[in-house]
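J.: Given next are the chains, with one letter for each unit.
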Amino acid sequence: MSDDRDSVIEIDGLTKTFRSRFRRREVCAVRDLSLRVERGSVVAFVGPNGAGKTTTIYLLLGLLRPNRGTVRLFGLPAGDLEARRRIGFQSEIFYTYGFKTAEKALRFYGELSEVPLGKIGMEAPRQLERLGLGAARTRKVRGFSKGMIQRLGIAQALLHQPELLVLDEPTTGLDPEGRKLVAEIILEEKARGTTVFLSSHILSDVERTCDHIVILREGSVALSENMTALRSKSDEWEIEVLSWTPAALEAVGRAEIRDQQNGTVVVRCAAAEKNVLLRRLLEADVDVGAVRRAASLEDLYMRYAGGTSSG
Amino acid sequence: MVKLFAITFTAFQETLRRRVFYIVLLLTFLVVIMIGSQMFFMRMARHAGETQIVTNMGVHFMQMIVGFWNFAALFLALFLGGIGVSSEISARTIVHVMSRPVKRWVYLLGRWFGILIFLYLFLLVGMAGALLVSVWLNIPFASTLWLAFAENYVMATFYSGVALGFSVVMPPMLAGTLAFLLSILPSIAQNAIHDPRWLHRMPALVGYYLGPAQMPVKLMAESFAKERLHTDYWLYLRVLGENIFYVVAVFVVATFFFRRREVRVR
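Protein chains in written order, with the numbering used here: chain A, 1 to 311; chain B, 1001 to 1266.
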């Protein structure tokens, strides 16, 4: 993604295997994964369930140790105290102490993140307001709904204004309003210069907020692509030609011919060339079956992730 | 220091809310009430002028109540120490703590201190109750009573610390059980340490020195209504000190292993 000087996350040949109880079976969760995340970018980390996203995140945080390969954050080994000081993390479901109030919970996490007490006093209510929990700040967490707990999880990740925000499916359990809010917060953090590493199943959120997408499949990177490049690719159109004749071939010219099945041919072209190409085909009396936008992010996801997503 | 305090306070709050505490507390109160109800007979004996019987019964009841209270405290120490870390892993709350700049030893120490504060308060209530009843029933107590109380505090520290230390490398229940077995190991081994057969003597010696130091007398039982002659305070203090040193050593070793342990949540 970038040269090493600007990399906030550097993963090289990362492999993590788990042994089942009594060491009978070995499961490879992450396989030879290499990745660079540049400072200030928002990177989506997507893949089907069991692809190794959460394991990779836990390796990033130093909670797990790799079998092979290296993980460095800000040039420091994963798990280093200084690196952890600069990370804000939220897990898929925010597990916290139900007996604490929202404010006390934030105070606790702020203290652990070395935020001065005076700053916690100012920042905690601000983050709670930002996430729509202002009215619930003195309520105990055990009485919170799932969505409220998720919002609190995001608040604790943002409290110490981290340089790197690691969000593991932050919109789990959130309503559309909450999802929109999270997307806005990601964009706000990006504007502040925060690097965001976002694991998500919600591709529309990814499309809206991310600069780069990494699709993970069976623990390996199946696709790592810049979103701008991806968008330009998805700005292509496909014309389905039902009767493939020499006249059709001549009309297509230099346009890309993609699929050929049972006499049906799919021709791909840029959006600007679509009308010209379509006119040429119709003038050549070619039978056109369909005209559609080429691969969306979802198509790409299905292609690279293997279409086994449950999310 | 702020982090240690935050983890300690949270562990204490968490311990206060554990169901097992309330079950143990309820059982302890039931036993205390059952024993205490027999004090009705003491009033009759006092009216009858049987002061010696009153004292004897009072000492007996006192020992039973204090003994049961200490037993409850030690059970809680083993249980809470054993689940000190594993409960955080099963609740997954550990993830958001360990992903922050918190050193492993600070985390472990904070968890232990939280449990210790709870146990010390529990023992303090028992101690205050015992002293009040002692004054109420005019039961004299010896100067060794303070050492007896100190022994309870040291044992609570020992059980919770060793169970917590063991729980870093083994399941919580096994950790608690092993910590308990370790504490009774010297008593079991004591009979065989002078055995002429080396095959019997050697494991007994290992077992004897592997366990914590043993108090030469039952201080609590000896502290009411009698005064020991030639009390060796220095010896008692040394035993308590050795056991504190023992648990600190176990804790340091546990921290070493905990530093290398992965935080796996399911």
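Hints listed in this document are in silico derivations from the structure and should not be mistaken for laboratory results. Accuracy of the hints is not assured; some may be wrong.
[Said to hold, decoys possible] Here are the simulated DSS-like pairs of lysine-lysine, each with C-alpha atoms no more than 30 Å apart in a straight line:
hint: 1; chain 1: A; residue 1: 104; chain 2: A; residue 2: 180
hint: 2; chain 1: A; residue 1: 119; chain 2: B; residue 2: 1103
hint: 3; chain 1: B; residue 1: 1103; chain 2: A; residue 2: 140
hint: 4; chain 1: B; residue 1: 1003; chain 2: A; residue 2: 100
hint: 5; chain 1: B; residue 1: 1003; chain 2: A; residue 2: 146
hint: 6; chain 1: B; residue 1: 1003; chain 2: A; residue 2: 140
hint: 7; chain 1: B; residue 1: 1218; chain 2: A; residue 2: 119
hint: 8; chain 1: B; residue 1: 1103; chain 2: A; residue 2: 100
hint: 9; chain 1: A; residue 1: 104; chain 2: B; residue 2: 1103
J.: Take the hints in turn and mark each one as holding or not.
T.: Against the structure, the hints:
| no. | hint | result |
| --- | --- | --- |
| 1 | 104/A / 180/A | holds (26 Å) |
| 2 | 119/A / 1103/B | holds (22 Å) |
| 3 | 1103/B / 140/A | holds (28 Å) |
| 4 | 1003/B / 100/A | holds (17 Å) |
| 5 | 1003/B / 146/A | holds (28 Å) |
| 6 | 1003/B / 140/A | holds (22 Å) |
| 7 | 1218/B / 119/A | violated (53 Å) |
| 8 | 1103/B / 100/A | holds (23 Å) |
| 9 | 104/A / 1103/B | holds (22 Å) |
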